[in-house]
Every structure is written in C-alpha cells, then in structure tokens.
Amino acid sequence: MTVRALAVDFGGTLAQPGPSPDGATVAQTLKELENTVVPEGFAAAFEDAARQVRQEDRSRGVQSPFAEQLARAARRCAAVIPDPQAATEAVFTAVPDAFVDTRSAATLRRLHVSGLVCVLACDTQRPETVRRRTLRAAGIEDCFDALVLSSTLGVRKPHPRFYDTVVERAGCPAAEIVFVGDTPAKDAIGPYEHGMRAVLITSGPRPDGLPAPVGVIGDFTELPAYLEALDD
Numbered sequence: 057m058t059v060r061a062l063a064v065d066f067g068g069t070l071a072q073p074g075p076s077p078d079g080a081t082v083a084q085t086l087k088e089l090e091n092t093v094v095p096e097g098f099a100a101a102f103e104d105a106a107r108q109v110r111q112e113d114r115s116r117g118v119q120s121p122f123a124e125q126l127a128r129a130a131r132r133c134a135a136v137i138p139d140p141q142a143a144t145e146a147v148f149t150a151v152p153d154a155f156v157d158t159r160s161a162a163t164l165r166r167l168h169v170s171g172l173v174c175v176l177a178c179d180t181q182r183p184e185t186v187r188r189r190t191l192r193a194a195g196i197e198d199c200f201d202a203l204v205l206s207s208t209l210g211v212r213k214p215h216p217r218f219y220d221t222v223v224e225r226a227g228c229p230a231a232e233i234v235f236v237g238d239t240p241a242k243d244a245i246g247p248y249e250h251g252m253r254a255v256l257i258t259s260g261p262r263p264d265g266l267p268a269p270v271g272v273i274g275d276f277t278e279l280p281a282y283l284e285a286l287d288d
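For the sequence shown, this note's numbering assigns the number 57 to the initial residue and increments by one for each residue that follows.
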C-alpha cells in the first residue's frame, strides 16, 4: 500500500507538552512591554478569561487566538494592551514550549529522508513563529514540508476543516497519508473517518472502539517498522 505522506501530532507524540501560561506569568510578562498597563487584578482576570475561552473553543471545535484571552482579561480589569500580537509573542517566549524527544527527532528525520512528505498537525495555542522556533532548536524544522496548527487555522482536531487542510498541504490523496498521534478521537478516529490511515501511540492496551484498521504502537520510534510492515 502506497504511503506518500505523514501527518504528525506534536505534544505527546514528538514532544513532552509545555505548560499553559498562568495568570501570574502573563501579568509579569506584559508589565515589561512598552505602553502596556497591567492592573493588580489582571492575573485573576486572565485565569477566568482563559478558562472561559477554552470551554467555548472545545464545545465548538475551534481555536480562538491567544490574543482573545488577553483582550477578555483586559476588558475585565481595565488593562491596556496596545499590541496583542506582540504580547502573545512575548508570553510564549517567556513560557517554555514542548521539549522534543531526541530519539523521536532522529526517527522523524529518517522518515523524511526516505522521501515521505511530513506535515506537523497539532492543536496549540502557540503562534507558528514560536512552534517553528522550537522545531528549529530541536533540529527538525526542515523535516516538515508544512505546518497545520490550530492557532493559525482557527479550528481544532477533529474539525473536518483541519483534516482537509492536512490533506491539501500533504499534496496527495487522503488514502496515501498516515496520521500519527496519541489522542484516539483526534489523531486516530478522526483521520481514519476522513479517509486517511492512522496510527495511535499509546503505552496502554488498544482502546475500545478504535477502528480495526487503525494501527497501535508504543512510541514514535516504532513508526518506521510499522510502515515497513505495510509494504510486506
């Protein structure tokens, strides 16, 4: 069976997820920006706004810009954030991104060198510039032919538009793409129902309800052997 492209999740697949920004960190970061006014109640206002936005996004399958969380918090406590985009970049520079596993990075490079088109396909609050910086630091930015990020696209997995974009960026039919990740609904069932093949990464038993054609491996480093077996 022909496999021409990989769609690869990030946190939990290639990397250990980084922390979400907390109110205190966001407040301290914004105070250092020019012309920004951060009242004492901003940290608590941000925590409330972030919780509300996350709940709304998950119920609708979308990804609001991080700047929306900042704007809501600002309205609640009369903060002044003149450049929300610059503020977003500053926050995600102060808050560590995910740590890329070196063995997984080497495996990804091996797969890319073999000729597979590789698409990073993940849900994230972080802007593309921040995620690219993380990939560059791990030495794998050049391994990705395209990035499909919920923060840029505006929708989260398993929204159909997310998978449509993955197929478009991969540049080949859905049936020739293998989607690999660690979340059953978003990285296995969703892609499979969208016509792609899928491989779930899990350290536990095969989850109930997982379609029979979906593969299961214990770690991203096992993916080359799994793909080789598809050709047997």
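Honestly, the hints are just simulated from the structure, not real lab data. Possibly wrong hints are sitting among the right ones.
Distance windows between CB atoms, simulated [what the hints assert, rightly or not]: (1) THR158 x PRO269: 27 to 35 Å; (2) VAL118 x GLU224: 16 to 24 Å; (3) SER259 x GLU112: 48 to 56 Å.
If you're wondering where the values come from, they're calculated on a predicted model, not measured in any experiment. Just so it is clear, CB atoms sit at the ideal spot from N, CA and C, and this is done for glycine as well.
**Request:** Could you tell me which of the hints above the structure violates, numbers in ascending order?
**Result:** The structure conflicts with hint 3 only, although it agrees with all the remaining ones.
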